[in-house]
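Participant: Got chain A sorted already, so can you dock chain B onto it with the hints?
Residue numbers (the numbering used here), protein chains in the order written: chain A, 1 to 176; chain B, 1 to 176.
Read the hints as simulated data drawn from the structure, not as lab findings. There may be inaccurate statements among the hints.
Note: identical chains are not told apart, hence a pair may lie in one copy or across any two.
[As the list claims (entries may be wrong)] No farther apart than 25 Å at their CA atoms in a straight line, the calculated lysine-lysine pairs in the BS3-like style are these: (1) K94 x K80; (2) K94 x K56; (3) K161 x K6; (4) K56 x K36; (5) K94 x K36; (6) K6 x K36; (7) K6 x K158; (8) K116 x K80; (9) K6 x K94; (10) K56 x K116; (11) K116 x K94; (12) K36 x K158.
There are 2 protein chains.
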Amino acid sequence: MADRKKGLLMVFTGNGKGKTTAALGLTFRALGHGEKVCFIQFIKGSWKYGELEAAKRFDDLLDFHVMGRGFTWKSDDLEKDIAVARQGWEFAGKIIAENRYDLIVLDELTYLATYKMIDEQEIVDVLTHRNPSQHIVVTGRGAGDRLIQAADLVTEMKEIKHPYKQGIKAQKGIEF
Amino acid sequence: MADRKKGLLMVFTGNGKGKTTAALGLTFRALGHGEKVCFIQFIKGSWKYGELEAAKRFDDLLDFHVMGRGFTWKSDDLEKDIAVARQGWEFAGKIIAENRYDLIVLDELTYLATYKMIDEQEIVDVLTHRNPSQHIVVTGRGAGDRLIQAADLVTEMKEIKHPYKQGIKAQKGIEF
Numbered sequence: 001m002a003d004r005k006k007g008l009l010m011v012f013t014g015n016g017k018g019k020t021t022a023a024l025g026l027t028f029r030a031l032g033h034g035e036k037v038c039f040i041q042f043i044k045g046s047w048k049y050g051e052l053e054a055a056k057r058f059d060d061l062l063d064f065h066v067m068g069r070g071f072t073w074k075s076d077d078l079e080k081d082i083a084v085a086r087q088g089w090e091f092a093g094k095i096i097a098e099n100r101y102d103l104i105v106l107d108e109l110t111y112l113a114t115y116k117m118i119d120e121q122e123i124v125d126v127l128t129h130r131n132p133s134q135h136i137v138v139t140g141r142g143a144g145d146r147l148i149q150a151a152d153l154v155t156e157m158k159e160i161k162h163p164y165k166q167g168i169k170a171q172k173g174i175e176f
Numbered sequence: 001m002a003d004r005k006k007g008l009l010m011v012f013t014g015n016g017k018g019k020t021t022a023a024l025g026l027t028f029r030a031l032g033h034g035e036k037v038c039f040i041q042f043i044k045g046s047w048k049y050g051e052l053e054a055a056k057r058f059d060d061l062l063d064f065h066v067m068g069r070g071f072t073w074k075s076d077d078l079e080k081d082i083a084v085a086r087q088g089w090e091f092a093g094k095i096i097a098e099n100r101y102d103l104i105v106l107d108e109l110t111y112l113a114t115y116k117m118i119d120e121q122e123i124v125d126v127l128t129h130r131n132p133s134q135h136i137v138v139t140g141r142g143a144g145d146r147l148i149q150a151a152d153l154v155t156e157m158k159e160i161k162h163p164y165k166q167g168i169k170a171q172k173g174i175e176f
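Okay, chain A solo, but in the shape it has when bound (with noise of 0.2 Å):
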């Protein structure tokens, strides 16, 4: 681990297109600097092989782990859904107590608290008490006030204008 100071928490909102894109680009920008990055993706899909793909080229690097079982969030075994989130999230939690990353990134954890799944101030609780030189990155939709009073950083990714809503399909190596 580089020597650091204060590590970030970092929380990318919003309804826009952007937010686990943005993770990504700073998951590269931290692997270009030699740190060791941690991507932790809450919500699976199928759209995410390209990273997958790239992220090969720095497996000294960088580890990448799915949780979850390609969670709709509108299973019928809610029970279920909740014991996975449970589990993925005691893996995150696990992850930054061991301290062995300089960049953890959690994406699209945001859905765990906003369905109830798991408490938000737990997730805070848990952020704040890290060891203070790992840089956390948040991201997913709807990320609650005490996270964002937590945060350092916070940005709103707003949807001004998307491409499906116009009919056109999804691309190759674009899909968000």
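Facilitator: Just chain B now, kept in the frame of chain A:
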């Protein structure tokens, strides 16, 4: 170049952090799909060496160019600034016309229009008359109405909270 019917014109604008970072994320996602990417930076900044190091692992697919000469856009030599901006924009136009890339990032291009160095309509004309298979990403504050009108996707990165305003210094590997 991959076979593709419709390239997207994407704009990341607004006063918040994450615009260039999202473009960088898209870049790496595209690279992960084996696509060819040209990243043209219109404002040189010493904080971008993380990308440059990361880019080295993709030198088979990614070309990176820095235009300008470290503009502050507060130069006393406006004529020289305009000449350099014009030169940079003409280079970008050539790259677009050659149609050799799947994705072209025009990082901080909006400033050329904001500072009246290049007419916004000229920019929009070149972008909309590209070979339609090419994806283009434009970043920068204050994207003009005509650019937004022409774009397929526009996200405004809105600053909710900024670390430097809270007295936290820029961090290696994270600086935006």
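Participant: So, against the hints stated earlier in the document, which numbers end up violated here?
Facilitator: 10 and 12
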